[in-house]
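Peer 1: Sequence:
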Amino acid sequence: MRDIPLSGMGADAGAVLEYYGALLKRYGPQGWWPILDLHHARKGVNPTKSGSINGYHPGDFSYPRSEAQRFEICIGAILTQNTAWPNVEKALLNLKQLDCLDSGRLLALSEEILKGAIRPAGYFNQKARKLKVFAEFYASLKGRAPSRGELLGLWGVGPETADSILLYAFRVPVFVVDAYTRRIFSGMGWFEKDAEYESIRSFFESSLDGDYKLFQEYHALIVEKGKRMRAEVVKK
DNA sequence: TTCCAGGCAATAC
DNA sequence: GTATTGCATGGA
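Residue numbering for the first sequence follows my numbering, beginning at 2 and increasing consecutively.
Mixed in with the good hints, there may be bad ones.
[Said to hold, decoys possible] Derived DSSO-like pairs: lysine-lysine, alpha-carbon spacing no greater than 27 Å straight-line:
| id | residue 1 | residue 2 |
| --- | --- | --- |
| 1 | 97 | 116 |
| 2 | 214 | 226 |
| 3 | 226 | 26 |
| 4 | 133 | 116 |
| 5 | 91 | 116 |
| 6 | 214 | 228 |
| 7 | 91 | 228 |
| 8 | 91 | 226 |
| 9 | 214 | 26 |
| 10 | 228 | 143 |
| 11 | 133 | 143 |
| 12 | 116 | 143 |
| 13 | 26 | 97 |
| 14 | 194 | 228 |
| 15 | 26 | 228 |
| 16 | 97 | 133 |
| 17 | 26 | 91 |
| 18 | 194 | 143 |
If you're looking for bench data, these hints aren't it; they were derived computationally from the structure. It should be emphasised that the depicted structure is a prediction, and the values quoted were computed from it without experimental measurement.
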């Protein structure tokens, strides 16, 4: 299996930044990661955004603004594994209703209550276990940021989830690779469909000279593009 | 009705 | 190391 994204196939650092600019111009700032409660007016929400438009904050990179929001992002990253965001939103709202968007309170929940709450997000048996494992780890951090290795060592946290948590909950400039990233860029001939996660990640990270804001926006734009591509296919 | 979403772990070779 | 399979809800 090929594991190096090959400059020979048309991708270089300039192209990476250029494509980011094109996506931003076309779709506008995305305002990821979505947060349940934005305590300010959602000025500038892009009304043409596909899927749920709740909780986005275009052009505002100040989230998370609290420990509770940081934990909420982490939980959302786990719940959205292979799952549509509107379903995740339902699960998060249920947890919020229980006042359990908090590592300690989530740990105190019974299995049955927890599974019931996250049921809309699918895979609720597995995800209940994943959330418990993560909540325990999160509590043990006592406010410090986790390393990528620590996250990957957790049962239920793979590379995409780890990188989403680092990027959106802890503002670490990492490039998140997801199914859309593979689809879009392999379609453009930048690398093979089955390229290794790590080789894609290192390719983008070494090509981009920017802070966490650039990485947050780039990933969000890729997802938006990917969703629209799918919508186009379905329409036909 | 079928298809599939902002993956991951377990298993089989 | 590579390929396959189970996990589950809700919207299109």
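Peer 1: Does each hint fit the structure? Answer for all of them.
Peer 2: A quick look at each hint next to the structure:
For the hint pairing residue 97 with residue 116, the CA-to-CA distance comes to about 14 Å; that is within 27 Å, so the pair holds. Distance check on the hinted pair: residue 214 and residue 226 sit about 18 Å apart at the alpha-carbon level, within 27 Å; holds. Among the hinted pairs, residue 226 with residue 26 is consistent with the structure: their alpha-carbon atoms are about 12 Å apart, no more than 27 Å. For the hint pairing residue 133 with residue 116, the CA-to-CA distance comes to about 11 Å; that is within 27 Å, so the pair holds.
With a C-alpha separation of about 13 Å, the suggested pairing of residue 91 with residue 116 holds against the 27 Å cut-off. About 21 Å separates the Cα atoms of residue 214 and residue 228, which keeps this hinted pair within 27 Å; it holds. Only pairs whose Cα atoms come within 27 Å are accepted, and residue 91 paired with residue 228 is accepted, the gap being roughly 20 Å. Taking the CA atoms of residue 91 and residue 226, the gap is near 24 Å; set against the 27 Å cutoff, the hint holds.
For the hint linking residue 214 to residue 26, the alpha-carbon distance of about 16 Å falls within 27 Å, and the restraint holds. Our distance criterion of 27 Å between C-alpha atoms is broken by residue 228 and residue 143, whose separation comes to about 37 Å. Of the pairs offered as hints, the one joining residue 133 and residue 143 holds, with about 16 Å between alpha carbons and a cut-off of 27 Å not exceeded. Straight-line distance between C-alpha atoms of residue 116 and residue 143 comes to about 26 Å, which keeps the hinted pair within the 27 Å bound.
Distance restraint check for residue 26 and residue 97: the Cα-Cα separation of roughly 35 Å exceeds the 27 Å cut-off, and the hinted pair is therefore not satisfied. With a C-alpha separation of about 18 Å, the suggested pairing of residue 194 with residue 228 holds against the 27 Å cut-off. Restraint check: the Cα-Cα separation between residue 26 and residue 228 comes to about 17 Å, which is no more than 27 Å; the hinted pair holds. For the proposed pair residue 97 and residue 133, the alpha carbon gap of about 16 Å is at most 27 Å, so the pair holds.
Taking the CA atoms of residue 26 and residue 91, the gap is near 31 Å; set against the 27 Å cutoff, the hint is violated. A distance of roughly 39 Å separates the Cα atoms of residue 194 and residue 143; the hinted pair therefore is violated under the 27 Å criterion.
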